[in-house]
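As given, the protein sequences belong to chains W and Y, one line each in that order.
Position 25 (the first sequence) corresponds to 25 in the UniProt record's numbering; numbering is contiguous.
Position 339 (the second sequence) corresponds to 339 in the UniProt record's numbering; numbering is contiguous.
These aren't lab readings, by the way, just hints derived from the structure by calculation.
If you're wondering where the values come from, they're calculated on a predicted model, not measured in any experiment.
Even for Gly, the Cβ is constructed at its ideal location relative to N, Cα and C.
One or more hints might be untrue.
Unchecked claim - Pairs of lysine-lysine, DSBU-like flavour, derived with a Cα cap of 35 Å: (1) LYS307/Y - LYS61/W; (2) LYS63/Y - LYS49/W; (3) LYS337/Y - LYS310/Y; (4) LYS129/W - LYS63/Y; (5) LYS49/W - LYS293/Y; (6) LYS84/Y - LYS129/W; (7) LYS129/W - LYS303/Y; (8) LYS84/Y - LYS49/W; (9) LYS339/Y - LYS15/W; (10) LYS111/W - LYS84/Y; (11) LYS303/Y - LYS63/Y; (12) LYS16/W - LYS12/Y; (13) LYS137/Y - LYS129/W; (14) LYS84/Y - LYS134/W; (15) LYS12/Y - LYS293/Y; (16) LYS111/W - LYS129/W.
Said to hold, decoys possible - Over 10 Å on every C-beta distance to chain Y, these chain W residues come out as not near it, computed from the model: (17) TYR13; (18) ASN73; (19) SER89; (20) GLN108; (21) ALA138; (22) GLU142.
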Amino acid sequence: MVSGLINANPVIYEKKERRVRSAPSVGDDEHAVEPIDQLEVFDHIRDIKDPEHPYSLEELKVITEDAIEVDDNHSYVRVTFTPTVEHCSMATVIGLCLRVKLMRSLPQRYKVDIRVAPGTHATESAVNKQLNDKERVAAALENPNLVDMVDECLAPSYA
Amino acid sequence: MDFYDDGNMILKEIQTLEGHTDRVWSLAWNPATATSPVFASCSGDKTVRIWEQTPSTRLWHCKAVLEETHTRTVRSCAWSPSGKLLATASFDATTSIWENISGDFECVSTLEGHENEVKSVSWNASGSFLATCSRDKTVWIWEVMPGNEFECASVLQGHTQDVKMVKWHPTMDVLFSCSYDNTVKVWAEDGTGDWHCVQTLGESNNGHSSTVWALSFNAEGDRMVTCSDDLTLKIWETDVGRMVLGDDHAPWNHLCTLSGYHDRTIFSVHWSREGIIASGAADDGLRFFLENKDGLVDGPSYKLLLKREKAHNMDINSVQWGPGETRLLASTSDDGKIKIWELATLT
Numbered sequence: 001m002v003s004g005l006i007n008a009n010p011v012i013y014e015k016k017e018r019r020v021r022s023a024p025s026v027g028d029d030e031h032a033v034e035p036i037d038q039l040e041v042f043d044h045i046r047d048i049k050d051p052e053h054p055y056s057l058e059e060l061k062v063i064t065e066d067a068i069e070v071d072d073n074h075s076y077v078r079v080t081f082t083p084t085v086e087h088c089s090m091a092t093v094i095g096l097c098l099r100v101k102l103m104r105s106l107p108q109r110y111k112v113d114i115r116v117a118p119g120t121h122a123t124e125s126a127v128n129k130q131l132n133d134k135e136r137v138a139a140a141l142e143n144p145n146l147v148d149m150v151d152e153c154l155a156p157s158y159a
Numbered sequence: 001m002d003f004y005d006d007g008n009m010i011l012k013e014i015q016t017l018e019g020h021t022d023r024v025w026s027l028a029w030n031p032a033t034a035t036s037p038v039f040a041s042c043s044g045d046k047t048v049r050i051w052e053q054t055p056s057t058r059l060w061h062c063k064a065v066l067e068e069t070h071t072r073t074v075r076s077c078a079w080s081p082s083g084k085l086l087a088t089a090s091f092d093a094t095t096s097i098w099e100n101i102s103g104d105f106e107c108v109s110t111l112e113g114h115e116n117e118v119k120s121v122s123w124n125a126s127g128s129f130l131a132t133c134s135r136d137k138t139v140w141i142w143e144v145m146p147g148n149e150f151e152c153a154s155v156l157q158g159h160t161q162d163v164k165m166v167k168w169h170p171t172m173d174v175l176f177s178c179s180y181d182n183t184v185k186v187w188a189e190d191g192t193g194d195w196h197c198v199q200t201l202g203e204s205n206n207g208h209s210s211t212v213w214a215l216s217f218n219a220e221g222d223r224m225v226t227c228s229d230d231l232t233l234k235i236w237e238t239d240v241g242r243m244v245l246g247d248d249h250a251p252w253n254h255l256c257t258l259s260g261y262h263d264r265t266i267f268s269v270h271w272s273r274e275g276i277i278a279s280g281a282a283d284d285g286l287r288f289f290l291e292n293k294d295g296l297v298d299g300p301s302y303k304l305l306l307k308r309e310k311a312h313n314m315d316i317n318s319v320q321w322g323p324g325e326t327r328l329l330a331s332t333s334d335d336g337k338i339k340i341w342e343l344a345t346l347t
């Protein structure tokens, strides 16, 4: 990028240790449906790569486990992410990556809301409105350039 | 006895139609086929499907798939009043006109001009005008000329964001548009062929506080209902007397707001000829409302007639009443399915 990065020197944080899920104890019904929790949703999105840095959203603290709200009974997830700088023009791309990853990972019954953390972005309500307008999201996902960008960010999260 | 007494109505699921391979955005009943109903549906799979009822079984089947014309999502479709032409609006920035030529649907015209996604298309009552709207913030009025020619009569600018839907008034040549900019705009011709915005219904005049997704008129054309991302439905009224005298500029006023019935974005609303308002939303549910004529102390109000949770497994994008005598409603969803419902009276 000739024009320079939007945030040239982001702070990098350590990755959280991965917790291993305890195997169900003997006698449990192995077909029992395990509810989806915060950690499971976090695991789906923690490795998404930042659109302009070779770091994951977890390493940049764009997302944390605490910023994920899950209500499995009502099939509802809300992810609140924190752009690294207030004027981050990549915020909508990050939001789009989060939405696409959750769309591909969660059961169809799930309703997903994505938003930027209150007070962390200059055009917070505009970004939130755009990310939650499914018609705009659908149109964006028919744009080959945007899809390439999203796929590149999502590639590491399949690892 | 009140015909619509609570608990007196039942919503029967008649049929689920599968075939689309992506989200079904919208559908339109052919107005000229009331006895043997036909409707068109359009989808993120870039196709349009035509569905027809088999008289013997009364079940619908897919009669035709209109494909390889639009290169992106087909967002909306509308039949001309005669039922002979079908207009389809696509994210590929074009609107196609299809004609049923001895059983086969052929694309007879393509309307180009919008800069990007076309989101909605609507014919006026006489079939002499077509309107389209787009993410490019404009509304276009097309004049229908002989030989399937469409001439751009006007490009209307005024909305500050994408225009989600356009709809002509059921009797007058007055056009309504609703937008991501949270407003509804009313457009009329000034007598010299120029079209202007004659009214904007926004938050300052009791309008919506988020994207307005759809609107629909009652049979008389003196009331309109709008639905929004702000989780409300709003009823608007105009002076029917001024309207009958041909006054295009009779203002629309907020009558009442229906809130607390849906808990996610309301994408679609449709008013039946006999006065029942149906709404479909991202909460997967259907709601039915009727004017409450019991106590007029506080002015007109609307009451919930019936609700159906989990009508589909995913968001409901469109609800449309059929043109026939039976109270048929079709709904479309992100789950790729179309459902046919009958709102029946318990006997």
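Pairwise hint evaluation, LYS293/Y against LYS12/Y, where the allowed Cα distance is 35 Å at most: 26 Å, holds
Restraint check for LYS303/Y with LYS63/Y, where alpha carbons must lie at most 35 Å apart: 38 Å, violated
LYS137/Y paired with LYS129/W [C-alpha distance capped at 35 Å]: Status holds; Cα separation ~17 Å.
Distal placement of GLN108/W relative to chain Y, Cβ over 10 Å: About 6 Å separates GLN108/W from the closest Cβ of chain Y, which leaves it inside 10 Å; violated.
Status of SER89/W, Cβ more than 10 Å from any chain Y Cβ: 19 Å, holds
Non-interface label on TYR13/W, tested against every C-beta of chain Y at 10 Å: 34 Å, holds
Distance restraint between LYS84/Y and LYS49/W, which requires alpha-carbon spacing of 35 Å or less: 52 Å, violated
Distance restraint between LYS49/W and LYS293/Y, which requires alpha-carbon spacing of 35 Å or less: With Cα atoms ~58 Å apart, LYS49/W and LYS293/Y exceed 35 Å; violated.
Beyond 10 Å from every chain Y Cβ - status for GLU142/W: The claim is violated: GLU142/W sits with its nearest Cβ about 5 Å from chain Y, within 10 Å.
Pairwise hint evaluation, LYS15/W against LYS339/Y, where the allowed Cα distance is 35 Å at most: 47 Å, violated
Agreement of LYS337/Y and LYS310/Y with the hint, judged by alpha carbon distance not exceeding 35 Å: 13 Å, holds
Holds or violated: LYS129/W to LYS303/Y, with C-alpha atoms at most 35 Å apart: 30 Å, holds
Going through the hint list in order, the structure does not satisfy hints 1, 2, 4, 5, 6, 8, 9, 10, 11, 12, 20, 21 and 22.
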